[in-house]
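Undergrad: Spelled out from the first residue to the last, the chains are:
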Amino acid sequence: MAKVAYYPGNVARAGAAEVEDCIQPLCRALNIQLVEIPRASSDGGNVIKQATPKLQDALVARNLALAEAQGLDVMTTCATSHAIMCNTAQDMERDPVYASTVNNLVARTSKVEFTGEIQSWHLLHYLVEEIGLDKIRNAVKNPLKMNIAGYYGPDMQREGACAGDDPFMPTYMEQLIEALGGTPIDYDSKCMSVGSTSMLTLEDSSLAMTAAVLSDAIQSGADLVVSACTVSHVNLDSYQSKAGRVSGKNTKVPVCHLSEIVAFALGFYPDRLAQLRTRVRLIGS
Amino acid sequence: MAVVAKVWIDEDCITCDACQDICPEVFVVTDESSEILAAVRTDGVVDRNVAGSLLVDGIGAELGDIIIEAAEACPVEVIKYELVSDGAADEAVEAAPAAVEAAAPVAAASVAPAAGVSEALNAVFAGDRSINILFGSQTGNAAGLAEKTAKLAANYGLEPNIVDMDGLDPARLATMKRVMIITSTWGEGEMPDNADAMWNAINANGPALGSTHFSVCAIGDTAYDEFCKAGHDWNNKLAALGGTEAHPIQECDVDFEPPWKIWVEEALPLLACVDESGTLQVELLEEMKAFGAGDDDDVVEGDFAPGIIEKEAMTITLEVFRYCPEAADSGWDTLTCSVPGHATVQDLLMTMQQDVDGSLAFRRGSSAGTPTTGVRVNGRIVLADCARIADLAKDGGRVRIEPLPGHPVVRDLVVDTSRYESHRSRAEPWIRTDPREGERLPSGQAMGTMDSAAATALHQAGDVLSFQLIQAMSDSLPHDQHYEGPGVHFQQWLRVLDPRTSEKQRRGILNSLQEKDGVWSEADHASLMRYGEDGRLAARALNEARGVLLNQSRYAGKSGRLVKWYGRSVKWSGNVNETTLYRQVLGPLGLIGNVFSGVSARMALAFTRNGGPPIRGLQALLVPPAGLGRIPKMFNSRVQNYHEVVSLFNEIDQRF
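Residue numbers (the numbering used here), protein chains in the order written: chain A, 15 to 299; chain B, 27 to 682.
Just so you know, the hints here were simulated from the structure itself, not pulled from any lab data. Small disclaimer: the values here were computed from a predicted structure and weren't measured. Any given hint might turn out to be false.
[Unchecked claim] Calculated cross-link-like contacts (lysine-lysine; reagent style DSS-like; alpha-carbon spacing at most 25 Å):
#1 B:Lys263 to B:Lys315
#2 A:Lys68 to B:Lys530
#3 B:Lys255 to B:Lys174
#4 B:Lys584 to A:Lys68
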């Protein structure tokens, strides 16, 4: 059984409860043991970093060190959280003096240190590289049978954060969708930002960016958009009507988180999958 | 002053009269072509002078600069000339123009046989003088040595090709008379990554190397058991395939330069003694060494021009964005073609323009990273004149070339950068002549100064290929017409960091960065960070700017409140509390706005949650305003040992 420390990110156990509902059963089905890190805190969400980069890095280094103390890699369902962990680990690796400063702070307050022995995984990369598409394909009980556009966002689509996938022309999500019995839809905007961290402060731009991504996916033939990022999911989903009205574009499409469609395909929550199918075929967004 | 030895006109003159207007003493334009006047030629003929007749005495010196000006003004670049320079001219001017044009850059740099060498050596210099320097490199050391070796090879009248083993067809080895292999050993005696495929291929089906002379330089580390194993493997394999070891293998430890130098000084002249027929004329070795000895230092030391690393041809499917403004029509041109892996995007576009469609529009550069040549290739933002195809696509893959994002398209791949220029010109990110502290100029005016450490730090902070490319990295820019853009703000921030900047200018820039279209208009720095080191530098700089502005403004405005309350909520429990953020950042009016815009309804009713527990939605509706805004929890539970988080805050930043 694969064993990995689970970091839910900032919202999976708050506003995005559906992610938490799905990640646990899907991991059980695929023989992945999720180990909690009960002392782990928020990673600062690239917001605290604006005031004090060192504070955000210390919060992240502490979380990584707690997982490292258990000898486990970290897995998360949120692209932003994954990218934040990768950034901090890379900054510390690049600058040993800075790493030492951060580690001193973490050690003084929490009695742990991050040495870089472990790495962060996003659920998508973990499923494709560590579990394997064949195993997932064999475990599918309810093939999705929908035209699905994967949304990666920009956070994890860069060298050092996207595992073996191509940062600019990624295909992991499409491969996974295919393995789950869906039809992947390719579209240009799948790595574009939807301004997830700025929806509260820069609404006009964020809505325009959200509308651009959604309308591109719809024009490319998507029945459903699947987000790899828990935070971006809010923009794509809750703000999509407003984004459509403000931009004048068609943005009406159901949006799910990646963990949801994997759980549905593996046979969990058949009622929710049925509701999703109904929305896709009859109701819309 | 330039002295022109001869001038001639190539084919395809468009008779535009430009040359005649500039230099009527030399050029006359007929109905068919520009021609060189008889009065200035030693052969006294009026024609295009393709035979290469010299200019009469004095004309080349008197009119040299004007002839060159005319050549540079020629829109189709058919005016060719040759300069008299440094005493080498007498010999050079003997060469026919066509031969000058045909000479490859590396070949032209090779040393021609000089007077005084024996007939036998001159005979060796005749014919094919190519030498192939193959490298297997994991960290770049072997590749660097290959380039240095290539430069030295020219001293022996050789024409070097540097060949990356990655993708090299082993069958090509059989066609090479002279081969040098420089390879490192990786891991426990393994081939470097770029040599692995070729090594497997040559083991599976190695060609007969009966006419190949070779020598191997192996780089390794004596700390490992399998010291220089990859080099020995190549040496043994080439010998087993019938190749002749011209010089024994050279092993190099971590300090590889001295033994490489010994090897190259022995192996190169030996391989240079291999004649046209493939015979090693070993009796000429001493003479060859003497011939090559003179220019060693001149060629290697201080010559930092990179060699051209030859890569195998790749088959690609090329997709180029096309836009015709007259027809307001856009689309994609697609073709499958084979290109050398070392070709740049610009090479590819130029070839397409010449051979496929002359109307293709793009901006050309000098091949040294010209900022205006930015395009997007397979999602990456690159400068077309220095980005190589092999770095952007795989063999058999797709190369999709689009205009630089964030700018209006004028035609095909040409974008209009005037918005960027006007923002930049308004932002004035350059040093202004305000009074400042510092040294004084002879005129008495103060001159800003900085020490070398500050200069280095400043350079590192802004060491990017092009600010225009930074501008194009933003995903927000195309959606906000007023946003000045990260490329402009990055330059402004560098000016703030510059110790030569006056206080008045620094204050002005900070105020402008804080304004509505300033640094807070970038919705997501992640869109910059993904574009390699340049994007990372820009995102870091803009984040730094935000930090300073937050302090200066005491966390005012929505952005300031977001940072303040985000930090506070994490400090209170270890988790972020979205309820707090919505309430504090949006305020009551913002929350009401969300209610009327339907955002709250979508959140609270959990309509899009695929059947999530309805109690969460109900709870949200029942406890306003916390619930209005996708917030299932008003109060976070604390993480275990949350005092550790508090301690971190207290240690690092007590403002929260």
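Undergrad: Going through the numbered hints above, which ones does this structure break? Give me the numbers in ascending order.
TA: Of the numbered hints, 1, 2 do not hold.
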